[in-house]
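We have chain F already, so just place chain E on it with the hints.
Each protein sequence line maps, in turn, to chains F and E. Note that our numbering has the first sequence beginning at 1, numbered continuously upward. Note that our numbering has the second sequence beginning at 1001, numbered continuously upward.
Note that these hints are calculated values from the structure, not bench results. Just to be clear, a hint being listed does not mean it is correct.
Selected chain F positions facing chain E (in silico; Cβ < 7 Å) [what the hints assert, rightly or not]:
hint, residue
1, A44
2, F45
3, G79
4, I84
5, R98
6, T106
7, V176
8, Y181
SDA-like, lysine to any residue: derived pairs with alpha carbons at most 25 Å apart [stated by the list, open to error]:
hint, chain 1, residue 1, chain 2, residue 2
9, F, K89, E, Q1043
10, E, K1345, E, S1329
11, F, K89, F, S171
12, E, K1295, E, G1207
13, E, K1295, F, I86
14, F, K179, E, P1466
15, F, K89, E, Y1067
16, E, K1295, E, R1349
17, E, K1295, F, G119
18, F, K179, E, Q1043
19, E, K1174, E, I1312
20, F, K179, E, S1045
21, E, K1295, F, S171
Note that this is a predicted model, so its numbers are computed, not measured. Cβ atoms here follow ideal geometry from the backbone N, Cα and C, with glycine treated the same way.
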Amino acid sequence: MNATGPRRLRPGRRTWLGLLMQACIGIAWSQEDAGADEQHVKAAFLYRFTGYVDWPDSAFASAEAPFTMGVLGADPLYGELTQIAIGRKVHERSIMVRKLAPGEATGGLHLLFAGRGVGLRPEPPRPLLIVTEVDGEMPRGSMINFRLVDRHVRFDIALDVVETAGLRMSSRLLAVARKIYRAGGA
Amino acid sequence: MRRAVARLPPTTQAALLAVMLSLAPPAGAAAGSGDLAELSLEQLSDIEVSSVSRRDQKLSEVATSLYVITGDAIRRAGARTLPEALRLAPNLQVARVDANQYAISARGFNNAIGNKLLVMIDGRTVYAPYFSGVQWDQQSVMLDDIDRIEVISGPGASVWGTNAVNGVINILTKASGQTQSWLARAGGGNTDSLAALRVGAQAPLGGSVRAYVQAQRQRHTRSEAGATVADGSHREQFGWRADWLDAGDGFTLQGDAYRGDADDRIGAGTNLGGIRTSGENLLARWTGTGAGGSKLRVQGYYNHERREDRLIYSPNDTVFDLEFQHTVSLGAHQLDWGGGWRHAKDDIRPGLLFAFVPQRSSQNWRNLFAQDDVRLSEQLTLVAGVKLEHNGYTGWETLPSLRLAWTTAPEHLLWASISRAVRAPARLDRDLRLPPMPPYLIAGGPNFMAEVARVLELGYRAQPTPSLNFSATLFDYDWSRLRSGQRPPNAQVQNMIEGETRGAEFWAHWQALEGVQLSAGGTLLHQNLRVQLGSTDPTGPSALGNDPSSQWQLRASLQLSHRQTLDIGWRREGALPNPRVPAYNALDLSYAWQIGCGLELSLIGQNLTDRRHPELNAAPTRSELRRSVFVQLRWSS
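If we strip away everything but chain F, and leave its shape as in the complex, we get (with noise of 0.2 Å):
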């Protein structure tokens, strides 16, 4: 009954996929790093903000307390910022790294890292820095937003919803700002 048998690739195009294939491992192996992961940049910049960042002694539950980030919606950068915050301190505190469920409540953060696509809530202003990775207009509530300029990951921050919150920013972050948003523009 089975009239055609097991089939087989000819020859030809046996040696095609072959060929394929180890082309596709060769070019895995000598690949050298050509550039760095967006996301691994955005992460170490997260860090590195909160050195330039002054928080009041009360966003603190007490001296022991950790620093806390949420990140909201941006898997891979959670997963970065989890590995940096392993053995590193912000302000001589404990980092802690949590991954927000969307529209879990913020309370007890001190960064809040809302990753592309996730709307923020509007909050009473509280001493939380909010992050965000915007392409367009700087959404209403972000502190500071990330932007791709060639290739190159740039920020801008928005001073007056910094400062409302209770915040204090350093110059040199200031400094390194692509733009700076005030009140009544920038």
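Here is chain E on its own, set in the frame of chain F:
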């Protein structure tokens, strides 16, 4: 024996396995985040990063021949049915059989019982399991609620499973939170008319809900000989969708119900009645993000379809489907894995021509899949995947694929893939009988096996400037064990056609000016299929489909003023060889005017340069599709 045939040759299989197992991230492929954290702000600012983030899945970096029809494009083109909306995809062949029936395929094998395309509406597979094809007259969606239609030409089997041999159509509606306004649409013309209403509301616990109802009528067509074809029809459908979503995560519950009826057919002195259809479905889906950014999606649905056709056969089938998918990122790897189970129960009453023996059946399918998306370097991504799917006829089928994507420059992607795809046997291949009572002239083959395709693809997709993007794909299929017949009487369905199909697909969009968007697309197809030695198949490959060797389309979307738009579409469909259908050109115009207060008036003309033309089947009884003019009023709050 059969199982051995279903496998890849050992050398290929071993090589695939080797590739999948050995893909640990190359040492030092990217600087670790730990090291970067030691850099200063200025140093960080100086680092050049990959301009494309793999996980965003921007269209420009998808390593497959994917065309997206947006909801807006459907509306601007003035499409009124789902198959007509699918004509917007240059990588699909859409042939209208009569007022209600369509044959839709990608990369050939198109006919009204086409079976190599997987079609889903919001994750619900809509092909009829008894013939692994789609009854297009039973599929409808409120077109205003469509977010987008993703049309993948080419195999998607390693993720989507058997039947995703030549393509996958994924119809996605908007979440109900995005359709909270009221919408009413009514229109009529010389070939069809419609009325639709949709309402949106808040649901308890922070959710949202919408409901719609729509009614459509199609006027009968005429055959090439000038006779009235009994295909005038009406169809009513209602449905709803409720979502409790936050940033895409959460719970969705949705359902639809419909019924349709076509004109009575008089044949051989008896009234055969019309083709009467009805059905209902219910789907629940939950998506959540876990610790470490892993994503879990769990979905279940119920789909019930009835079709009364006293000439052919009358199926009544129910499908229960459960599936889950888990996505987790591990360094340079993104791993997707999941599984599913499907149960189908049917009762297919014999028609005048055909019967299914046994008349009733109950079938189960189960599957497991895993796909590893490895970022080898900033420019190179490899996707290795395999799906194992079990069916009651041929046991486990193995569906592997390997894709390599190379970002040659920002927004330029060169990709290649190798896959094996399978069209698993359906009831039609095994259980069909002609005539319905013995002695049979033709019968399903008790040994009918899966049809197999080995596919190579090479593609290039680019967006050289923000206003221009294009995609080109070459494909090469090596087919074996395609369905064949035997010389009647006592003919059985066999797997004795083989061959190759090759071709190209391309399209481009250009935003020429603000308010002027131009697009062009086309496909080329070369088929070389043959009946194997020892087969007595009297029909040959023409029973598998009737395909044009080329098709082309051009579209212009013009914003005439801030209240007026004009869309001009032209397409040329090449001639079909067997039975011969002449090539045709069709010019479509769609003009819309925003009157104000949410009211829009549109005027839609189709096939304007052509009084009438057939798109499939043999003269002189085939239906001809005539020029149509349609006026429509649409209101949204």
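A quick look at each hint next to the structure:
no.: 1; hint: A44; in the structure: holds, 4 Å
no.: 2; hint: F45; in the structure: holds, 6 Å
no.: 3; hint: G79; in the structure: holds, 6 Å
no.: 4; hint: I84; in the structure: holds, 5 Å
no.: 5; hint: R98; in the structure: violated, 9 Å
no.: 6; hint: T106; in the structure: violated, 13 Å
no.: 7; hint: V176; in the structure: holds, 4 Å
no.: 8; hint: Y181; in the structure: violated, 18 Å
no.: 9; hint: F/K89 to E/Q1043; in the structure: holds, 20 Å
no.: 10; hint: E/K1345 to E/S1329; in the structure: violated, 38 Å
no.: 11; hint: F/K89 to F/S171; in the structure: holds, 22 Å
no.: 12; hint: E/K1295 to E/G1207; in the structure: holds, 21 Å
no.: 13; hint: E/K1295 to F/I86; in the structure: holds, 24 Å
no.: 14; hint: F/K179 to E/P1466; in the structure: holds, 24 Å
no.: 15; hint: F/K89 to E/Y1067; in the structure: violated, 48 Å
no.: 16; hint: E/K1295 to E/R1349; in the structure: violated, 44 Å
no.: 17; hint: E/K1295 to F/G119; in the structure: holds, 19 Å
no.: 18; hint: F/K179 to E/Q1043; in the structure: holds, 18 Å
no.: 19; hint: E/K1174 to E/I1312; in the structure: violated, 37 Å
no.: 20; hint: F/K179 to E/S1045; in the structure: holds, 14 Å
no.: 21; hint: E/K1295 to F/S171; in the structure: violated, 40 Å
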